[in-house]
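J.: Protein sequences appear in the order of chains Z and B. Following the working numbering, the numbering of the first sequence begins with 1 at its first residue and continues without gaps. Following the working numbering, the numbering of the second sequence begins with 1 at its first residue and continues without gaps.
These are calculated hints, taken from the structure and not from any lab test. Note that the structure is predicted; figures quoted are calculated from it, not measured. Hints are supplied without guarantee of correctness; some may be wrong.
[What the hints assert, rightly or not] One side of the interface only, derived from the structure: several residues of chain Z facing chain B at Cβ under 8 Å:
| # | residue |
| --- | --- |
| 1 | L4 |
| 2 | A8 |
| 3 | T36 |
| 4 | L45 |
| 5 | G47 |
| 6 | A66 |
| 7 | G70 |
| 8 | G76 |
[To be verified] Beta-carbon label-pair distances, calculated as ranges:
| # | chain 1 | residue 1 | chain 2 | residue 2 | range |
| --- | --- | --- | --- | --- | --- |
| 9 | B | V300 | Z | S22 | 23 to 33 Å |
| 10 | Z | L4 | B | L187 | 26 to 36 Å |
| 11 | Z | F61 | B | A43 | 50 to 60 Å |
| 12 | B | E373 | Z | V11 | 35 to 45 Å |
| 13 | B | I20 | Z | L3 | 27 to 37 Å |
| 14 | B | R3 | Z | S22 | 35 to 45 Å |
| 15 | B | D5 | Z | L4 | 40 to 50 Å |
| 16 | B | A265 | Z | G56 | 56 to 66 Å |
[Said to hold, decoys possible] Chain B stretches covered by chain Z per the calculated footprint, using a threshold of three residues with CB under 8 Å from any CB of chain Z:
| # | region |
| --- | --- |
| 17 | 25-31 |
| 18 | 38-51 |
| 19 | 99-113 |
| 20 | 245-254 |
Yeah, the Cβ is synthetic: ideal placement off N, Cα and C, and Gly gets one too.
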Amino acid sequence: MDLLTEIAILVLAAFVGFEVISKVPNTLHTPLMSGTNAIHGIVVLGGILLIGPAQGFLNDFLLVIAIAFGTINVVGGFLVTDRMLEMFKGKKPDPKGEDES
Amino acid sequence: MSRNDWIQLLYIVAFSMFIIGLRMLRGPRTAVRGNQIAAVGMAVAVFATLLNEAIGDWILIVVGVAIGTAVGVPAARSVKMTAMPQMVALFNGVGGGAAALIALAELHRILPEPGRPKIDIALAIALSALIGAISFAGSMVAFAKLQELIRGRPITYPGQQFGNLALLAVCVALSITLVSGVQDEWLLWVVIGGATLFGVLFVLPIGGADMPVVISLLNAFTGLAVAIGGFELENNVLIVAGMLVGASGTLLTVLMGRAMNRSIANVLFGAFGQVSAGAAAAAEIDGGTVRSATAEDVAVMLAYAHKVVFVPGYGLAVAQAQHDVRQLADLLEKKGVEVSYAIHPVAGRMPGHMNVLLAEANVPYPQLKEMDEANPEFGRTDVVLVVGANDVVNPDARNNQGSPIYGMPILNVDDAQSVVVLKRSMNPGFAGIENPLFYNPKTVMLFGDAKESMVKLIEDVKGL
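Generate the whole structure from the sequences, applying the supplied hints.
T.: Given below as structure tokens:
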């Protein structure tokens with residue numbers, strides 16, 4: 001792909017990132033940090049793509065670790081975020097939902 | 001359409017889902033769904049990648065994913081809500097580590113090819129390895145500090161900042177050498193080793209109270225490393241997803257710094273929480289005595305108040321006292337007391353940390369007041385109950401220019417009629433700063449574990 005096209009994509013993504021986040025209430029900062037954290041686990045794709053062409057034991061080994069790391073990042077990140085957010089569910093301003101505990 | 005076109009199309013679907021998911025994370029009602037949409041987007045991206053013709057070594061892929069799942073799922077399921085910040089740091093760190101390892105493997109793959117690697121690819125490899133390794137090591141130190149495996153207090157020594165800067169300069173210089181022609185793999189290993197050391201040394205001097213800001217910054221770093229990794233692999237979805245995180249993480253870091261009224265540079269290089277001799281001495285000259293109270297006394301104060309405000313802090317998280325706080329609040333409400341919670345933006349170890357805990361205990365949303373909303377209320381509050389918070393109610397932030405937290409907006413709890421501080425002992429807080437609030441004549445201390453104190457208070461209020 002053209003380098004300039006890639007840079008254009010990068011810059012646009014940066015603006016989208018700023019825009020999408022700028023109006024988040026304080027309350028949701030922790031889940032948000034955790035959610036974005038899960039998204040950069042996309043790096044696991046790099047490991048998956050490279051492990052086929054990779055040569056030699058050392059590189060296979062490094063890439064297996066990279067895939068494991070990336071998977072931890074993705075799976076752990078989304079699960080933890082989900083657990084945090086589940087707790088906000090009871091917080092809707094209808095009093096009925098609050099008697100559960 | 002070729003197979004590659006389909007893959008690219010699925011990538012577009014995936015990053016659209018990331019953006020939609022992030023947008024939905026903005027509101028408490030849509031957030032759960034937003035997170036799920038982002039997770040599905042991730043599954044789409046992985047599926048699309050597996051369609052690639054160049055994919056090989058399926059067994060190794062399965063092994064890697066299996067190890068990652070076996071580690072990540074139980075960790076995420078079993079972690080206590082109080083330990084969430086260090087878990088996020090850990091997940092963030094491994095992401096950065098993955099980016100660095102991938103850069104190593106990619107360099108190894110392209111080196112034997114005839115001709116020099118393109119300069120932009122070489123640059124991407126060097127940067128992604130450098131930033132990823134810093135993020136990995138920094139996150140691990142942040143994790144160790146929050147988990148209290150190493151001291152939370154800043155670790156400083158003479159020439160520290162100069163040393164760190166020099167180390168970073170060496171890493172950057174080596175990266176430039178690598179990009180400009182000396183295409184040797186060992187050079188990248190040295191860059192990664194140096195960057196790892198830098199990551200450790202860079203986070204060590206930062207006090208525990210500032211860890212939220214640091215984790216947020218490292219989150220942005222990992223995002224950036226991943227985006228640059230997208231250049232090295234010429235992969236769109238890595239560029240978009242990585243940069244989304246890089247941008248949002250940077251913004252979040254700035255917002256958090258602003259909440260503490262400190263620049264990011266000050267957080268990173270100020271060795272915050274290092275008790276400067278002058279400031280500590282000043283607090284002691286103020287002297288005054290600390291008055292301690294029994295649970296019975298406090299129960300009476302609470303039960304006959306008109307308005308009570310709870311100020312939760314990290315101590316609440318440590319003691320897991322959120323359910324007991326809710327129970328006490330319910331009891332007081334039944335007695336006709338007006339109850340609310342004042343949440344400082346950086347109370348706890350991450351922004352929103354307290355909100356998550358109180359939400360877990362099903363505290364009604366309208367009772368949670370953010371700082372700007374809470375501060376004018378303290379004037380007509382009878383009793384403020386400070387549960388394990390310290391620096392966020394420290395009046396030195398307003399009055400004592402020598403204090404490391406001078407200028408940070410705080411909750412003005414000393415405007416209230418009386419203040420009750422639940423605290424384990426007189427040790428200074430996580431940041432290691434003296435708090436004159438404890439010597440204020442309005443203040444009484446209720447020593448003990450926050451949860452035990454809460455249980456006693458509940459019993460005593462019931463008995464009244």
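J.: Determine for every hint whether it applies to the structure shown.
T.: Structure-based check of all given hints:
1. Given hint, L4(Z) at the interface with chain B, is violated; its Cβ is 10 Å from that chain's nearest Cβ, farther than 8 Å.
2. This hint is violated: A8(Z) has a C-beta 10 Å from the nearest C-beta of chain B, more than the 8 Å allowed.
3. Restraint check, T36(Z) versus chain B: the minimum CB separation of about 5 Å is within 8 Å; hint holds.
4. A hinted interface residue such as L45(Z) counts as satisfied when its beta carbon comes closer than 8 Å to some beta carbon of chain B; here the least separation is about 5 Å, so the hint holds.
5. Against a cut-off of 8 Å between C-beta atoms, the interface hint on G47(Z) holds, since the closest Cβ of chain B lies about 6 Å away.
6. Evaluation of the A66(Z) hint against chain B yields a held restraint, the C-beta minimum of about 4 Å falling below 8 Å.
7. A hinted interface residue such as G70(Z) counts as satisfied when its beta carbon comes closer than 8 Å to some beta carbon of chain B; here the least separation is about 4 Å, so the hint holds.
8. At its closest, the beta carbon of G76(Z) sits 4 Å from a beta carbon of chain B; the interface hint therefore holds under the 8 Å criterion.
9. For V300(B) and S22(Z), the hinted distance range of 23 to 33 Å is not satisfied, since their beta carbons lie about 47 Å from each other.
10. The hinted window of 26 to 36 Å between L4(Z) and L187(B) holds, with their beta carbons roughly 28 Å apart.
11. The hinted window of 50 to 60 Å between F61(Z) and A43(B) is violated, with their beta carbons roughly 26 Å apart.
12. Distance hint for E373(B) and V11(Z): a CB-CB separation of about 37 Å, consistent with the stated range 35 to 45 Å.
13. Separation of I20(B) from L3(Z) is about 28 Å and conforms to the stated range, judged on CB atoms against 27 to 37 Å.
14. Between R3(B) and S22(Z) the C-beta distance comes to about 38 Å, which sits within the given range of 35 to 45 Å.
15. Take D5(B) and L4(Z): their Cβ atoms lie about 21 Å apart, and the range 40 to 50 Å is violated.
16. Look at A265(B) against G56(Z): about 43 Å separates their beta carbons, and that is not inside 56 to 66 Å.
17. Counting residues of the region 25-31 of chain B whose C-beta lies closer than 8 Å to any C-beta of chain Z gives 6; at least three are required, and the coverage claim holds.
18. Residues of the region 38-51 of chain B lying with their CB closer than 8 Å to a CB of chain Z number 7, which satisfies the three-residue condition for coverage.
19. Counting residues of the region 99-113 of chain B whose beta carbon lies closer than 8 Å to any beta carbon of chain Z gives 8, which meets the minimum of three for the stated coverage.
20. Restraint check on the region 245-254 of chain B versus chain Z: 7 residues with Cβ-Cβ distances below 8 Å, three needed, restraint holds.
Checked against the numbered hints given earlier, this structure breaks hints 1, 2, 9, 11, 15 and 16; the rest are met.
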